[in-house]
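Peer 1: Using the working numbering, count along the sequence shown one by one with no gaps and you end on 162.
Be careful, since some hints might not be right.
Beta-carbon label-pair distances, calculated as ranges [as the list claims (entries may be wrong)]:
no. : residue 1 : residue 2 : range
1   : 59        : 130       : 15 to 21 angstroms
2   : 26        : 158       : 35 to 41 angstroms
3   : 153       : 82        : 26 to 32 angstroms
If you're looking for bench data, these hints aren't it; they were derived computationally from the structure.
These figures come from a predicted structure and were not determined experimentally.
The beta-carbon is built from N, C-alpha and C at its ideal position, and this holds for glycine as well.
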Amino acid sequence: MNYQVAILGGGPGGYVCALRAAQLGLSVVLIEGDRLGGTCLNSGCIPTKALVKSADLYRELEHAEDFGLFVGEKRVDYNAVVARNDRVVNALVGGVEKLMKAANIRVIKGWGEFKEVGQLSVTTENGVELIRAENVVLATGSVPIRIPIPGADLPGVVTSEE
């Protein structure tokens with residue numbers, strides 16, 4: 001297939017670039033190896049904030065009686081907390097997917113590599129597809145690393161992948 005823009009990476013840089021290119025009337029394909037939204041949406045910022053919200057609510061419940069509120073036994077159902085977290089993430093990923101569809105952006109779940117100028121080979125679960133594009137945007141994100149500072153190797157210091 002031929003496109004005016006091919007984007008490698010479906011995180012916040014890639015999917016926003018795809019949307020803008022489509023708004024400008026360009027034909028767009030976005031290639032993502034995992035779920036749309038990148039680390040922030042799937043395993044970083046968003047799920048972390050959802051978990052923190054559950055912890056904050058529990059902390060508030062501990063002080064409810066100070067406000068004349070009696071809520072009975074306070075307990076954490078970790079499975080329910082994780083299920084809510086998953087619902088939040090899935091809803092937001094679904095929102096990005098709907099935006100892609102509404103903008104007529106083709107999304108391919110696979111891994112792209114350059115074969116020659118303007119040509120990508122995309123490996124999917126169904127095989128290999130050749131994509132030609134006038135322009136290619138690399139929006140592949142990054143990976144967490146352990147930085148060499150005192151304390152970075154202590155227990156409890158985690159990355160978005162842990």
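Peer 1: Are the hints correct? Go through all of them and say.
Peer 2: Here's how the hints hold up against the structure:
Checked against the hint of 15 to 21 angstroms, the C-beta distance between residue 59 and residue 130 comes to roughly 54 angstroms, which is inconsistent with it. Remark: the range hint 35 to 41 angstroms for residue 26 to residue 158 is upheld by a beta-carbon distance near 40 angstroms. Distance hint check: the CB atoms of residue 153 and residue 82 are about 27 angstroms apart, consistent with the given range 26 to 32 angstroms.
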